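Fit chain F to the known structure of chain B by using the hints.
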Amino acid sequence: MAQPKASVITDKMRAEIGVESEPVTFEVDNTACRMFARAVGYTDPIYFDEQYAKSKGYRGIPAPVGFLGHVVYNPNEPQRLGGYVRTDTPFKRLLNGGTDIEYFESVCAGDVLTATSKLIDLSEREGRLGPMLVTVTESTYRNQDGKLVARARGTGIQY
Amino acid sequence: MSGQLYFEDISQGQEVTTLTQHCDSQRLVYWAAGSGDFYQIHYDKDFAQRTGLPDRIVHGALKHALLGRMLHEWVGAQGSVKRVACQYRGMDMVDKDVICKGAITGKRSENGENLVDLEIWTETPDGQKTTPGTATVALPSRS
Numbered sequence: 312m313a314q315p316k317a318s319v320i321t322d323k324m325r326a327e328i329g330v331e332s333e334p335v336t337f338e339v340d341n342t343a344c345r346m347f348a349r350a351v352g353y354t355d356p357i358y359f360d361e362q363y364a365k366s367k368g369y370r371g372i373p374a375p376v377g378f379l380g381h382v383v384y385n386p387n388e389p390q391r392l393g394g395y396v397r398t399d400t401p402f403k404r405l406l407n408g409g410t411d412i413e414y415f416e417s418v419c420a421g422d423v424l425t426a427t428s429k430l431i432d433l434s435e436r437e438g439r440l441g442p443m444l445v446t447v448t449e450s451t452y453r454n455q456d457g458k459l460v461a462r463a464r465g466t467g468i469q470y
Numbered sequence: 012m013s014g015q016l017y018f019e020d021i022s023q024g025q026e027v028t029t030l031t032q033h034c035d036s037q038r039l040v041y042w043a044a045g046s047g048d049f050y051q052i053h054y055d056k057d058f059a060q061r062t063g064l065p066d067r068i069v070h071g072a073l074k075h076a077l078l079g080r081m082l083h084e085w086v087g088a089q090g091s092v093k094r095v096a097c098q099y100r101g102m103d104m105v106d107k108d109v110i111c112k113g114a115i116t117g118k119r120s121e122n123g124e125n126l127v128d129l130e131i132w133t134e135t136p137d138g139q140k141t142t143p144g145t146a147t148v149a150l151p152s153r154s
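For the protein sequence lines, the chains are B and F, in the order given. Read in this note's numbering, the first sequence has 332 at position 21, and its numbers run on one by one without any break. Read in this note's numbering, the second sequence has 22 at position 11, and its numbers run on one by one without any break.
Looking at chain B on its own, in the form it has when it is part of the complex (with noise of 0.2 Å):
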């Protein structure tokens, strides 16, 4: 029987999962949906104009799939990845494996949602590119009526 491989997850790593990130606030407002409309290729005029968006019975423009806002972006503070908690590992490189988003509750234009993230799982896989780490990281949303919004899982591949 060939030995088994050394594991690079170690027990300081597998601690890590379960324990919830500080929250990270991304703000939601007309600018930022019409662009990721735009860039998605919509032309539905709810992603565009907001007195359309409300006489169909949106509270505002509403955020396309896909979009939770932006990270409050100050480089006078240190980078807050949202939705992505990044463990020490030997690995440099890192791919996007997956997304999924499940929805609760519309997210729409002038929402602030407050989003904690957590590891779930870690595992270890042989692919085309070497050893990898794959990483499954938990976000959950809320608004700012402390309404459960949105629950994203993030799939990242480390290699």
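Take the hints with a grain of salt, since some may be wrong.
To be verified - Listed below are several chain B residues computed to face chain F (Cβ distance under 10 Å; list not exhaustive): (1) Ala343; (2) Pro375; (3) Val376; (4) Gly377; (5) Phe378; (6) Leu406; (7) Asn407; (8) Gly408; (9) Gly409; (10) Asp411; (11) Leu433; (12) Ser434; (13) Arg436; (14) Ile468.
To be verified - If you anchor each label on the Cβ, the simulated ranges turn out as follows: (15) Gln25/F - Arg404/B: 35 to 45 Å; (16) Gly63/F - Thr400/B: 14 to 24 Å; (17) Arg404/B - Glu19/F: 47 to 57 Å; (18) Glu437/B - Gln51/F: 19 to 29 Å; (19) Glu333/B - Lys118/F: 37 to 47 Å; (20) Ser434/B - Phe49/F: 26 to 36 Å; (21) Arg325/B - Leu64/F: 28 to 38 Å; (22) Asp456/B - Lys107/F: 26 to 36 Å; (23) Thr400/B - Gln51/F: 13 to 23 Å.
Hints were generated in silico from the structure; no laboratory data involved. Owing to the predicted nature of the structure, the values given are computational and were not obtained by experimental measurement. Backbone N, C-alpha and C fix where the C-beta goes; we use that ideal spot for every residue, glycine too.
Frame of chain B, contents of chain F only:
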């Protein structure tokens, strides 16, 4: 978008209207700005090649968002997208079409909502499935 789709009118195996989006470098720059993902492998060819890629690649999250747009346009104004999940198994290169497809795998009613479960994926122009996934949408009822 054409007309409203109703829960009663759909059945297992039925296909979602295909969405094709050409992803040139301008599209990827729009996405970088729209999403806030400024990783250079998506818009700087020299940078991408230095990391070992043949050229710039389409952002995974853009493919997720395109699958979301396909579903939004398919469900109509009274429908809504509840969940979109996909895995980035293969790379899509710049200057190619990303072809989004889907098929119904089941229907159920839960907490007063009419839910439809789907298999979704993206294909390259030569038919390779690069982004398999699943989704759930809610549709209005005729009754």
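Hints, verified against the model:
Checking Ala343/B against chain F by beta carbon gives a least distance of about 8 Å; that is within 10 Å, so the hint holds. Using the Cβ-Cβ criterion of 10 Å, the hint placing Pro375/B at the interface with chain F is satisfied: the shortest such distance is roughly 7 Å. Look at Val376/B: its Cβ gets to within about 3 Å of chain F, closer than 10 Å, so that hint holds up. The beta carbon of Gly377/B is positioned within 10 Å of a beta carbon in chain F (closest approach about 4 Å), and the interface hint is therefore held.
Taking 10 Å as the C-beta cut-off, the interface hint given for Phe378/B holds, the closest approach to chain F being about 8 Å. Hint status for Leu406/B relative to chain F: holds, with the closest Cβ pair at about 7 Å, below 10 Å. Below 10 Å, beta-carbon pairs count as interface contacts, and Asn407/B has one with chain F at about 4 Å; its hint therefore holds. Taken as an interface hint, Gly408/B checks out: its beta carbon lies about 6 Å from the nearest beta carbon of chain F, inside 10 Å.
Checking Gly409/B against chain F by beta carbon gives a least distance of about 4 Å; that is within 10 Å, so the hint holds. For Asp411/B, the interface hint holds, since its Cβ comes within 10 Å of a Cβ in chain F; the closest pair sits about 3 Å apart. Hint status for Leu433/B: violated, given a least beta-carbon distance of 17 Å to chain F, over 10 Å. Proximity of Ser434/B to chain F is violated relative to the hint, the smallest CB-CB distance being about 14 Å (cut-off 10 Å).
Interface restraint check for Arg436/B: the shortest CB-CB distance to chain F comes to about 13 Å, outside 10 Å, so the restraint is violated. Given hint, Ile468/B at the interface with chain F, holds; its Cβ is 9 Å from that chain's nearest Cβ, closer than 10 Å. A hinted range of 35 to 45 Å for the beta carbons of Gln25/F and Arg404/B is consistent with their spacing of about 41 Å. For the pair Gly63/F and Thr400/B, the supplied restraint of 14 to 24 Å holds, since their beta-carbon distance comes to about 20 Å.
In this structure the supplied range 47 to 57 Å holds for Arg404/B paired with Glu19/F, their Cβ-Cβ distance being about 49 Å. A beta carbon spacing of about 28 Å between Glu437/B and Gln51/F agrees with the range 19 to 29 Å that was offered as a hint. Take Glu333/B and Lys118/F: their Cβ atoms lie about 41 Å apart, and the range 37 to 47 Å holds. Separated by about 29 Å at the C-beta atoms, Ser434/B and Phe49/F satisfy the suggested range of 26 to 36 Å.
Between Arg325/B and Leu64/F the beta carbons are some 32 Å apart, a value that agrees with the proposed interval 28 to 38 Å. About 43 Å separates the C-beta atoms of Asp456/B and Lys107/F, a value inconsistent with the hinted range of 26 to 36 Å. For the pair Thr400/B and Gln51/F, the beta carbons lie near 22 Å from each other, so the given range of 13 to 23 Å is met.
Checked against the numbered hints above, the structure violates hints 11, 12, 13, 22; every other hint is satisfied.
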